[in-house]
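**Student:** Line by line, the protein sequences give chains A and B.
No gaps in the numbering here: position 26 of the first sequence is 26 in the numbering used here, and each next residue is one more.
Heads up, the numbering used here is the position in the second sequence plus 141, with the first residue counted as 1.
It should be emphasised that the hints constitute simulated quantities derived from the structure, not laboratory data.
C-beta atoms are modelled at their ideal positions from N, C-alpha and C, and glycine is treated no differently.
Don't take every hint at face value.
Facing chain B, a subset of chain A residues (Cβ under 8 Å, in silico) [unchecked claim]:
1) Thr18
2) Ile28
3) Ile29
4) Tyr57
5) Thr58
6) Leu65
7) Ile70
8) Gly94
9) Glu113
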Amino acid sequence: MLKKKAVIDSNEIILGLTSENTSSAILIIKLNELKDKYEFIISDDIYQEVMRNIPNYTKGKFNKLLEFKIITINDFLTDVELFQKYKNLGFKKGDIAIASFADKENADILISENRHFLKWLQTKKFKILNAEQFLKEIIKF
Amino acid sequence: MEFKKVNITLPAQLFEKSKQLVDKGLYSSFSDLVRSSIRKELKEEHQLLNKEDEWQRKIKEIRTDLQKTELAKMSKEQIIKRLRKTRDRIWEEKYA
Numbered sequence: 001m002l003k004k005k006a007v008i009d010s011n012e013i014i015l016g017l018t019s020e021n022t023s024s025a026i027l028i029i030k031l032n033e034l035k036d037k038y039e040f041i042i043s044d045d046i047y048q049e050v051m052r053n054i055p056n057y058t059k060g061k062f063n064k065l066l067e068f069k070i071i072t073i074n075d076f077l078t079d080v081e082l083f084q085k086y087k088n089l090g091f092k093k094g095d096i097a098i099a100s101f102a103d104k105e106n107a108d109i110l111i112s113e114n115r116h117f118l119k120w121l122q123t124k125k126f127k128i129l130n131a132e133q134f135l136k137e138i139i140k141f
Numbered sequence: 142m143e144f145k146k147v148n149i150t151l152p153a154q155l156f157e158k159s160k161q162l163v164d165k166g167l168y169s170s171f172s173d174l175v176r177s178s179i180r181k182e183l184k185e186e187h188q189l190l191n192k193e194d195e196w197q198r199k200i201k202e203i204r205t206d207l208q209k210t211e212l213a214k215m216s217k218e219q220i221i222k223r224l225r226k227t228r229d230r231i232w233e234e235k236y237a
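Chain A extracted, bound-state conformation:
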């Protein structure tokens, strides 16, 4: 079965790692169960966002988590055309790189709690869902 590709935004990772009963927390725990159906990816920018916001003594543990290969970091080379596309769609500066990454990766879903992303649901290339919506969607199928 072809796996769906999902980009996980840094806010889902941080919220999932700092709480226990939220949708983001459930999502992070469930990634291991979902790995046969989904390929979970992050860009180097998302990785950097997480690393810059967790304490030094946790960075090694986060890297160990990535060694499970349940979430993988994929390279993203700057793509001026894609940046322009998302700029024209009205994305904010930092979000342009993440949306372009999801586009370039042919991702099916971008999972984010970012309201700026969530209002751009008309993006045809990929779905933008928050953790709660994503969890509801996987229960549906």
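Here the structure of chain A is known, so what remains is to put chain B in place on it, guided by the hints.
**Tutor:** Relative to the frame of chain A, chain B by itself:
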């Protein structure tokens, strides 16, 4: 070692294919094939369960670490706002 005798029902085709493995000498008997298969299945299941446990254990370790930080005291909106600042900073550093 104590043994239990069990009767099993198999699709005829599966039984025939299994029998071929015994006939080729890969297993000493049909019972030996069943025992080996169950052991293999249990080993795989054990490994799978361990991997799941390990993933959850690592997440719990990180959560325990982060409970001691200011992140744990921040609301969802505050965390999102903080990450937005980091995102914009990375944008300025890499792409602007």
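**Student:** Hint by hint, note whether the structure agrees.
**Tutor:** Tested hints:
Restraint check, Thr18 of chain A versus chain B: the minimum CB separation of about 5 Å is within 8 Å; hint holds. With its C-beta approaching chain B no nearer than about 6 Å, Ile28 of chain A sits inside the 8 Å limit, and its interface hint holds. For the restraint placing Ile29 of chain A at the interface with chain B, the shortest Cβ-Cβ distance is roughly 6 Å, inside the 8 Å limit, so the hint holds. Interface hint status for Tyr57 of chain A: upheld, as the beta-carbon distance to the closest one in chain B is roughly 6 Å, under 8 Å.
For Thr58 of chain A, the shortest C-beta to C-beta distance to chain B is roughly 4 Å, which falls under 8 Å, so the interface hint holds. Annotation: interface hint on Leu65 of chain A holds; nearest CB of chain B at approximately 5 Å, less than 8 Å. Because the smallest distance between the Cβ of Ile70 of chain A and any Cβ of chain B comes to about 7 Å, under 8 Å, the interface hint for this residue holds. The restraint placing Gly94 of chain A at the interface with chain B holds, with a minimum CB-CB distance near 3 Å, inside the 8 Å limit.
Against a cut-off of 8 Å between C-beta atoms, the interface hint on Glu113 of chain A holds, since the closest Cβ of chain B lies about 6 Å away.
Of the numbered hints stated above, none is contradicted by the structure.
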